Amino acid sequence: MRNDALRSLCAGFLVAGCLGVAFAGDGNEWSQFRGPNRDGKSLETGLLKNWPEAGPRLIGTISGVGGGFSSPVIAGGRIYITGKVGDDLKIFCFDGSGRKIWERTHAPAFREGNAPHSPYPGARATPTIDGDMIYLLGGLGRLTAYRISNGEPVWTVDVVGELGGRVPPWGYSESVLIDGNKLIVTPGGEQTGTFAALDKESGRVLWRSSGVTERAEYGSPILIEFHNVRQIVTMSRGGLLAVSPENGALIWRYNRVANRGTPEGTTAHCNSPVYGDGYVFEATSFHTRGGGAVALRPKAGRPSPSSGIEAQPAWDSRELDCEHGGYVLVDGNIYMTARNDWTCVELRTGKKLWTGRGPGKGSIIYADGMLYCVGHSGQVALLAAHPAAYTLISMFELPKGKGQCWTHPVISDGKLYLRWDDNLYVYDINQEFLVVDDFESYDDKENRIYEAWIDGEKNNTGATVGYMESIQGTFGERTIVRSGRQSMPLFYDNTGKTTAEAQRTLDAQDWTASGVKSLSLWFYGDPDNTGQLYVKINNTKVVYNGDAADLKKNTWQPWNIDLATVGGNLSNVSKLTIGIEGVGAKGVVYIDDIGLYPPASEFEPTTANLVARYAFEGNASDSSGNGFHGTASGGPAYVAGVAGQAILLDGVDDVVNVGAVGISGAAPRTIAGWAKSNSLTIGSANYPTVFGFSPDTGVAGTFFAVECHPASYHGVQGFVGTCALHLSGFERPLVGIDLEWHRLDVTYDGTTIARYADGQLVGTPGAPGVAINTSDTVRMGKRGDRTDYFLGAVDEVRVYDRALSAEEIAGLAGI
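Going by the working numbering, the sequence shown opens with residue 18, and the numbers climb by one from there.
No lab work stands behind these hints, which were simulated from the structure alone. Quick caveat: nothing in here was measured; it's all calculated off a predicted structure. Glycine residues also receive a C-beta, built at the ideal position from the N, C-alpha and C atoms. Worth double-checking, as some hints may not be accurate.
Estimated spans, in silico, between C-beta atoms of each pair [said to hold, decoys possible]:
#, residue 1, residue 2, range
1, Asp667, Glu486, 42 to 50 Å
2, Leu370, Ser80, 38 to 46 Å
3, Thr547, Ser650, 36 to 44 Å
4, Glu486, Asn54, 52 to 60 Å
5, Glu486, Asn198, 19 to 27 Å
6, Ser696, Pro170, 55 to 63 Å
7, Glu824, Gly113, 32 to 40 Å
8, Asp104, Ser487, 27 to 35 Å
9, Gly420, Lys369, 27 to 35 Å
10, Lys419, Asp294, 39 to 47 Å
Keeping only pairs whose Cα atoms sit at most 27 Å apart, straight-line, the calculated BS3-like set for lysine-lysine is [what the hints assert, rightly or not]:
#, residue 1, residue 2
11, Lys534, Lys592
12, Lys558, Lys475
13, Lys514, Lys553
14, Lys66, Lys534
Please work from the sequences and hints to get the whole structure.
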């Protein structure tokens, strides 16, 4: 429970400056396989929370890195990567612009004919950087230390010839582990020991795990600590085991054998384990044993944990087969691919929390509250990393490569590195604003949300920040979230008070630097809310300028504050306050994604006069809070859209019928949304409605909809086909059809119609040409008085009962 004593005890453990304003990308390095801590998690924050339809901005392509599946490693502003060129395994060094600094031939590359099961030639192991050295184990067993400055080899060991190893059927794939002065490698020796520790400076053998003599597999070891006992944990051919990093002695093992009952080499242990809170999770490959967790416990009867640890089975699931895509552990939950789906399971219990399709089977890493998933066919997806529900945010496709896209993604310095065979693609994923608080760092330990945002218990207002008890490891909100993993719940009760305030003290920040023009925050209301929302920047109060009823809406809404209208010293901001005023006001508001933006203009219109909104996140529900839910018929699919998912209509019988939304006759309105046709050809007699007011009878002026038209119809000129405004008796073009996503918006203020495509005005606003007299019927995918169906995808359709401004239309288009 929360109380003053607990608050006083924990106040001294706040992370200083953890929420200070900072651009994304602090130069965090990715110096080894699966990231800084070998767990698939980046330490960077301030990254994009959604991507454009075509993906984040591609800022560079490095071609000619050779064939293979190894990941790049990043350190000191340089990129290191390996690849098969001809018959050789090469290691390359590039600067940040993609210019080659050096390359070395490491050894003959693993290829077909090297072993019984080798149809996948190319680079396997990812190098490991430590200090001024980079270490690489080749597929045939050559281990070399190179100087990162110039690629000069320092020492080489043949782990087969010198250490008694045996090349696994698909070749050595391990990324070696550095622990202090030791380099840990897994030759896999039935006679000499599975593991070896070498002096990282000379390659001299320091110890062999003589008590563990099993064949090597394909995963890379991790280093953990349990009850002050440091352990090297990995999967051997026989199962999951741990040895001492000091001498290689066996500490514990769990014989969960993937190969039991199968011919040698027909399956594999390809992944590194992950560890958290006394549990070790691992998953095997290729439809054999799935995945599971063991619980580490001190052995009964031993005087201390250091004298005995055992691994007890916690749970097991045959469904958790991720092949070689890895998994991440975030806040007690495992995220991974499970055969062809993506899933989230509890580490301690194995309880499945959700499953979703995403980009298909693939690899995964985590950063800044998001999951980066790369499918074997080159689709790249951004998912929210929270256990409440499967949430696909964005997805795009890599340029087509050769073979399977198996390389794990890498994040460093605000850039996403994606390899497909011979090409390395570099994407900019820096967030386009400065983060004030995204609420991602709070937990129930050293960094509690109510210790950073001071509420009524200390400032004597009616505010309560966070929940009274920890939920899923935090006092924050994990279900009602705009982006990332959590938001801040702000409860307020002004009984006997006039205000409720949550106050955050900041290290002094300059809100006039870096082109900053506006402060933005997102809020989510509740139908029972009362009162007036406001913020204070230092002591300057700014009252919410939208509709007061917005505080009652169950939807995320942006509030953008032009800092030019705010007084006070913005070059020295040290306090931010969020408040609700009004005697007797009560309710709860959720806050997320507070940031500073260069533009002062609104990037989206406020929700004032928003009648209906269809985000198509797996359904046709109205997310405006007004209850105008659509009914989807015909069996439409849901696919990656401009923002999250979109609805895919098959052009045969798929339609979304909404019905009445309270706008009819000649009332002002805006219809707005995204659409992508899946056909260039529009038949000469076909006029399918994409979205809008589309009644059952075709009387002049009774339509107000975006339709697809043939190349020439009522003076409409386009390409093979065109999207156009249709009023019945008055048609005007919007944009030619080209199989791409387009933003399509039409407004009517009671006198004048304005048409927009991709955020830009099309033609000159003017009178509609016919008397508008629509019925109150909204549809998507089919014209009401015909059997013409739209073949394509639709996303983020909105209906307003006012005409949006040109600036608001541009904001919806993201320009």
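Evaluation of the provided hints:
Distance hint check for Asp667 and Glu486: the Cβ-Cβ separation is about 48 Å, which falls inside the suggested range of 42 to 50 Å. Checked against the hint of 38 to 46 Å, the pair Leu370 and Ser80 passes, with Cβ atoms roughly 40 Å apart. Hint check: Thr547 to Ser650, Cβ distance near 40 Å, so the stated range 36 to 44 Å holds. Look at Glu486 against Asn54: about 30 Å separates their beta carbons, and that is not inside 52 to 60 Å.
The hinted window of 19 to 27 Å between Glu486 and Asn198 is violated, with their beta carbons roughly 46 Å apart. Separation of Ser696 from Pro170 is about 57 Å and conforms to the stated range, judged on CB atoms against 55 to 63 Å. Between Glu824 and Gly113, the C-beta spacing of about 37 Å keeps the proposed range 32 to 40 Å intact. Our hint of 27 to 35 Å for Asp104 and Ser487 is violated, since their Cβ atoms are close to 57 Å apart.
At about 31 Å, the beta-carbon gap between Gly420 and Lys369 stays in the expected band of 27 to 35 Å. Distance hint check: the CB atoms of Lys419 and Asp294 are about 42 Å apart, consistent with the given range 39 to 47 Å. Among the hinted pairs, Lys534 with Lys592 is consistent with the structure: their alpha-carbon atoms are about 18 Å apart, no more than 27 Å. The suggested pairing of Lys558 with Lys475 holds, with an alpha-carbon distance near 20 Å, which does not exceed 27 Å.
Pair hint Lys514 plus Lys553 holds up; C-alpha atoms about 18 Å apart against a cutoff of 27 Å. Between Lys66 and Lys534, the direct Cα distance comes to roughly 21 Å. Compliance with the 27 Å bound is thereby established for this hinted pair.
When held up to the earlier numbered hints, the structure conflicts with 4, 5, 8 and fits the remainder.
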